[in-house]
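The listed protein sequences correspond, in order, to chains U and V.
At the far end of the first sequence sits residue 181, using numbering that gives the first Met the number 0, and the numbering has no gaps.
At the far end of the second sequence sits residue 282, using numbering that gives the first Met the number 0, and the numbering has no gaps.
It is worth saying that the hints were derived from the structure and are not from the lab.
Remember, it's a predicted structure, so these values are computed and weren't measured experimentally.
From the three backbone atoms N, C-alpha and C, an ideal C-beta is built for every residue, glycine too.
Hints are supplied without guarantee of correctness; some may be wrong.
Stated by the list, open to error - If you want the footprint, here are the derived chain U segments under chain V, 3+ residues with CB under 8 Å: (1) 1 to 10; (2) 55 to 65; (3) 98 to 112; (4) 116 to 122; (5) 125 to 139; (6) 146 to 159.
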Amino acid sequence: MIVTPKILARLAAIVVGGVLLQLSFFSRVELFHVSPDVLPALVVALGLLGGTLTGAIAGFAVGFLVSSLLVEPLGATSLVLLGAGYLAGLFRERFDLHGSLAAPLLCMGLTLFAELGFVAVQFLLGIDAPVSALIARDIVLKSVYAFFLGWPIYLGVRRVLRPALVEEPRVRRSRRPTVLGT
Amino acid sequence: MYRKQVRRRRAVLALLIISSFALLTFTYGQSSDGLQRTVSAAFSPLQTVADRALKPARDLVNWFDETFDARGENERLTAELETAREQAVAGKAAVQENAQLRKLLRVDGTGVLALAGYKQVTGRVIARSPTVLYSSVTIDIGEDDGIRVDDPVISGDGLVGRIASVSGGSSQVTLLTDHASAVSAKVVPQGVQGLIRPELGDPEDLVLDFIDSSRKVGVGDAVVTLGQRARGLASLFPPNLPIGEVTKAPIDEQVASQQVHLRPYADIANLDFVQVLTGGSRQ
Numbered sequence: 000m001i002v003t004p005k006i007l008a009r010l011a012a013i014v015v016g017g018v019l020l021q022l023s024f025f026s027r028v029e030l031f032h033v034s035p036d037v038l039p040a041l042v043v044a045l046g047l048l049g050g051t052l053t054g055a056i057a058g059f060a061v062g063f064l065v066s067s068l069l070v071e072p073l074g075a076t077s078l079v080l081l082g083a084g085y086l087a088g089l090f091r092e093r094f095d096l097h098g099s100l101a102a103p104l105l106c107m108g109l110t111l112f113a114e115l116g117f118v119a120v121q122f123l124l125g126i127d128a129p130v131s132a133l134i135a136r137d138i139v140l141k142s143v144y145a146f147f148l149g150w151p152i153y154l155g156v157r158r159v160l161r162p163a164l165v166e167e168p169r170v171r172r173s174r175r176p177t178v179l180g181t
Numbered sequence: 000m001y002r003k004q005v006r007r008r009r010a011v012l013a014l015l016i017i018s019s020f021a022l023l024t025f026t027y028g029q030s031s032d033g034l035q036r037t038v039s040a041a042f043s044p045l046q047t048v049a050d051r052a053l054k055p056a057r058d059l060v061n062w063f064d065e066t067f068d069a070r071g072e073n074e075r076l077t078a079e080l081e082t083a084r085e086q087a088v089a090g091k092a093a094v095q096e097n098a099q100l101r102k103l104l105r106v107d108g109t110g111v112l113a114l115a116g117y118k119q120v121t122g123r124v125i126a127r128s129p130t131v132l133y134s135s136v137t138i139d140i141g142e143d144d145g146i147r148v149d150d151p152v153i154s155g156d157g158l159v160g161r162i163a164s165v166s167g168g169s170s171q172v173t174l175l176t177d178h179a180s181a182v183s184a185k186v187v188p189q190g191v192q193g194l195i196r197p198e199l200g201d202p203e204d205l206v207l208d209f210i211d212s213s214r215k216v217g218v219g220d221a222v223v224t225l226g227q228r229a230r231g232l233a234s235l236f237p238p239n240l241p242i243g244e245v246t247k248a249p250i251d252e253q254v255a256s257q258q259v260h261l262r263p264y265a266d267i268a269n270l271d272f273v274q275v276l277t278g279g280s281r282q
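Using the sequences plus the hints, can you model the full thing?
Here you go:
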């Protein structure tokens, strides 16, 4: 990814817009009693398109912003999301992204990683409350939602960052054949 | 060239990880509150706009979810109606007791809050935490509206939580279902006292812990705030605010773990408007 000030501004807008959309919309809707969490999928999309560095920095920024806006302990969400972004970037750098299912599957897998990681970090920091088995349902359903939301998020982010993407395949336009001698 | 890139990438990653741990250390050292309040205040107008703009879309998605639930809800309500009929037939004494409980449980109908000097300020929920471990919401009223840290927060149905942090135009509410939440409460009419803690991952289940196991608590009993005041220390919550209804009270659990389960009256997962009780006799 070629990062210019304009692209940086677009990245910042994606991060801020994504966080606001999560807190004002996705966190407040429920499907089967579970709210979708699109932030890991957003970070994964940025990692897939921009590489490890972009993914990790975006993950850190998203985590920092969410924790600041909700006045939650800083650092925990950043740590987990930067890991998800870095892994997505690593996937992009090590393997070619083949097939239309690669992005949503990676969004699902890394959302699972992020949710489990977040729970693990919180438990390491100490939680003095009983835990319901329903937390497992929450994590699994969030990952499933990430699969379905991952593809539109990936496409949306790719569209916004298109000018910066060096490996973006050219759009082939159908062209009328030139007929000579008429 | 490639090696240099790899080194730079690793250095940035290490820096980010160290920064995360540093932020965690600052948070637990209570040094980050000012920074978070500044960021929160800066984004508060944007959150309000986003909340209002996205409300129709939110309502649409929630409508689908509620439709799925409607069938089960119908059966549950039918069963509840049947139980209520039986109770009504049971006699005037039960009806009278019921009326007394209702009177006790009315949030402000009894004037309890007014007597204690509380002022109710209504706010709109503009953001919600995406994780189940942190159960908190952001509301669009803050210091400018007279809101202070630790003010109790209620909905039309009962206690919701307390103010955790305040900035000029917005506040963060720690809900009853947050892992850091603990509210002293009592079961009425028995008067059994305990501490309400969340069951993480299930917003419809709270635990009333440390109860006196020699006194029996039954399913359907109401739980209200204790609002105790002793030796100059006062509870954060006024007394007799409705919290929830006992849903599970097996004798063995009461004896062995000294706890019962309850469902909060307030629909904590779907809050739109809340009221903050400001002022009051709490010191």
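Within 8 Å of chain V's CB atoms, at least three CB atoms from the segment 98 to 112 of chain U: coverage verdict
That given contact is violated, which follows from only 0 residues of the segment 98 to 112 of chain U lying within Cβ reach (below 8 Å) of chain V.
Proximity test - 8 Å, beta-carbon atoms, the segment 125 to 139 of chain U to chain V, at least three hits
With 12 residues in contact (Cβ-Cβ under 8 Å with chain V), the coverage given for the segment 125 to 139 of chain U holds.
Coverage assertion for the segment 55 to 65 of chain U with respect to chain V, Cβ distance below 8 Å, three residues required:
holds (count 7)
Within 8 Å of chain V's CB atoms, at least three CB atoms from the segment 146 to 159 of chain U: coverage verdict
Answer violated; 0 residues pass the 8 Å Cβ test.
Against chain V, does the segment 1 to 10 of chain U show at least 3 residues with beta-carbon separation below 8 Å?
Coverage by chain V is violated here, the residue count being 0 at a Cβ distance below 8 Å.
Between the segment 116 to 122 of chain U and chain V, see if three or more residues pass the 8 Å beta-carbon test, and mark the coverage as holds or violated.
holds (count 3)
The structure fails hints 1, 3 and 6 (numbered hints given earlier, in ascending order).
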